[in-house]
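Peer 1: Using the sequences and the hints, build the whole thing.
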Amino acid sequence: MARAATTADVFNAVAEPRRRELVDALARGERPVTELARELKLAQPQVSKHLKVLREVGLVDVREAGRRRLYRLDAHALKPIHDWVAGYERLWNERFEALDAVLDELKTEGGDAS
Amino acid sequence: MTTTGTATVTLPSDTQILIVREFDAPREHVFRAWTEPELVRRWWHANRGEIVSIEIDLRVGGSWRYVMVTPGGLDVAFHGEYREVVPGERLVSTEIYEGMPDAAALTTVTFQERDGRTTATLLVEHERKEHRDAHIASGMEDGLQDALDLLERIARSL
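Top to bottom, those sequences are chains A and B.
Just so we're aligned, residue 1 is where the first sequence starts under the working numbering, counting upward by one.
Just so we're aligned, residue 1 is where the second sequence starts under the working numbering, counting upward by one.
These aren't lab readings, by the way, just hints derived from the structure by calculation.
In this text, a Cβ means the ideal position worked out from N, Cα and C, and glycines have one as well.
Take these hints with a grain of salt, some might be off.
Straight-line C-alpha distance at most 27 Å; calculated DSS-like pairs for lysine-lysine [as the list claims (entries may be wrong)]:
1. A/52 with B/129
2. A/107 with A/79
3. B/129 with A/79
4. A/52 with A/41
5. B/129 with A/41
6. B/129 with A/49
7. A/79 with A/49
Listing some non-contacts, in silico: residues in chain A with all C-beta distances to chain B over 12 Å [stated by the list, open to error]:
8. 20
9. 76
10. 93
11. 94
12. 99
13. 107
Some chain A residues flagged as far from chain B (calculated, every beta-carbon gap over 10 Å) [claimed, not checked]:
14. 10
15. 23
16. 28
17. 34
18. 41
19. 48
20. 56
21. 57
22. 66
23. 67
24. 72
25. 74
26. 95
27. 100
28. 101
Peer 2: In structure tokens:
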């Protein structure tokens, strides 16, 4: 079975370390591509290529401001990733709540255990 | 009964999972609950099935194996080998999900006590990002079956 194109979803889009750095940079506010290239110490065409991938999955928006194009983050697109890790976090929370009960019991029997 | 906080799960790198949780108990107790089969049996299920077997041979080179059966009748088994055992402080072991035996992880658990409370820190390290991702997917709320289907799909695509 063929694998999905690397740009198909937000998971793949942020799997690339440079694109995660771009997301981090945009989380601090909207910016033009020139500024992003300087911050990440990358060539502008490379940054543009990564921004294109992030735009395709809805993680980045662009707007015209006079003669500049400003890129900004739309963090809603990260929700599938958040939900994905949240499920794993819930598993551990339920596990640890059961562990709390075991620990309470060890505490209660502490006086006569040893 | 004290509410002692919630676990935080973060992904420090492409191949790691870090889980941190504080417990209202001294670290000797947390360590016992973590390593004595009869105690592990009571919490490791995470309300997702019934534990049928917990085997722990707590020494360097010793093995462990946990088996749970889900309400759908599916066996979920993990096993591994202890690499480091420092009672009350630190455990390092390998961890293999038997449904995906090529994806071995190395798990380091440390216990730190402060004012009678203990912070457990679990670092799970996989060799490949795909394996790490499959591991996380196994905790999906939609149920283990979905997760296992996903694991299988991921495993097949590797």
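Peer 1: All the hints need checking, so say for each whether the structure fits it.
Peer 2: Comparing the hints with the structure gives:
| no. | hint | result |
| --- | --- | --- |
| 1 | A/52 with B/129 | holds (24 Å) |
| 2 | A/107 with A/79 | violated (40 Å) |
| 3 | B/129 with A/79 | holds (20 Å) |
| 4 | A/52 with A/41 | holds (18 Å) |
| 5 | B/129 with A/41 | holds (26 Å) |
| 6 | B/129 with A/49 | holds (23 Å) |
| 7 | A/79 with A/49 | holds (23 Å) |
| 8 | 20 | violated (10 Å) |
| 9 | 76 | holds (20 Å) |
| 10 | 93 | violated (5 Å) |
| 11 | 94 | violated (5 Å) |
| 12 | 99 | violated (4 Å) |
| 13 | 107 | violated (6 Å) |
| 14 | 10 | holds (13 Å) |
| 15 | 23 | holds (14 Å) |
| 16 | 28 | holds (20 Å) |
| 17 | 34 | holds (29 Å) |
| 18 | 41 | holds (21 Å) |
| 19 | 48 | holds (24 Å) |
| 20 | 56 | holds (21 Å) |
| 21 | 57 | holds (17 Å) |
| 22 | 66 | holds (39 Å) |
| 23 | 67 | holds (38 Å) |
| 24 | 72 | holds (24 Å) |
| 25 | 74 | holds (21 Å) |
| 26 | 95 | violated (4 Å) |
| 27 | 100 | violated (6 Å) |
| 28 | 101 | violated (7 Å) |
Hint check: violations occur at hints 2, 8, 10, 11, 12, 13, 26, 27, 28; the rest are consistent with the structure.
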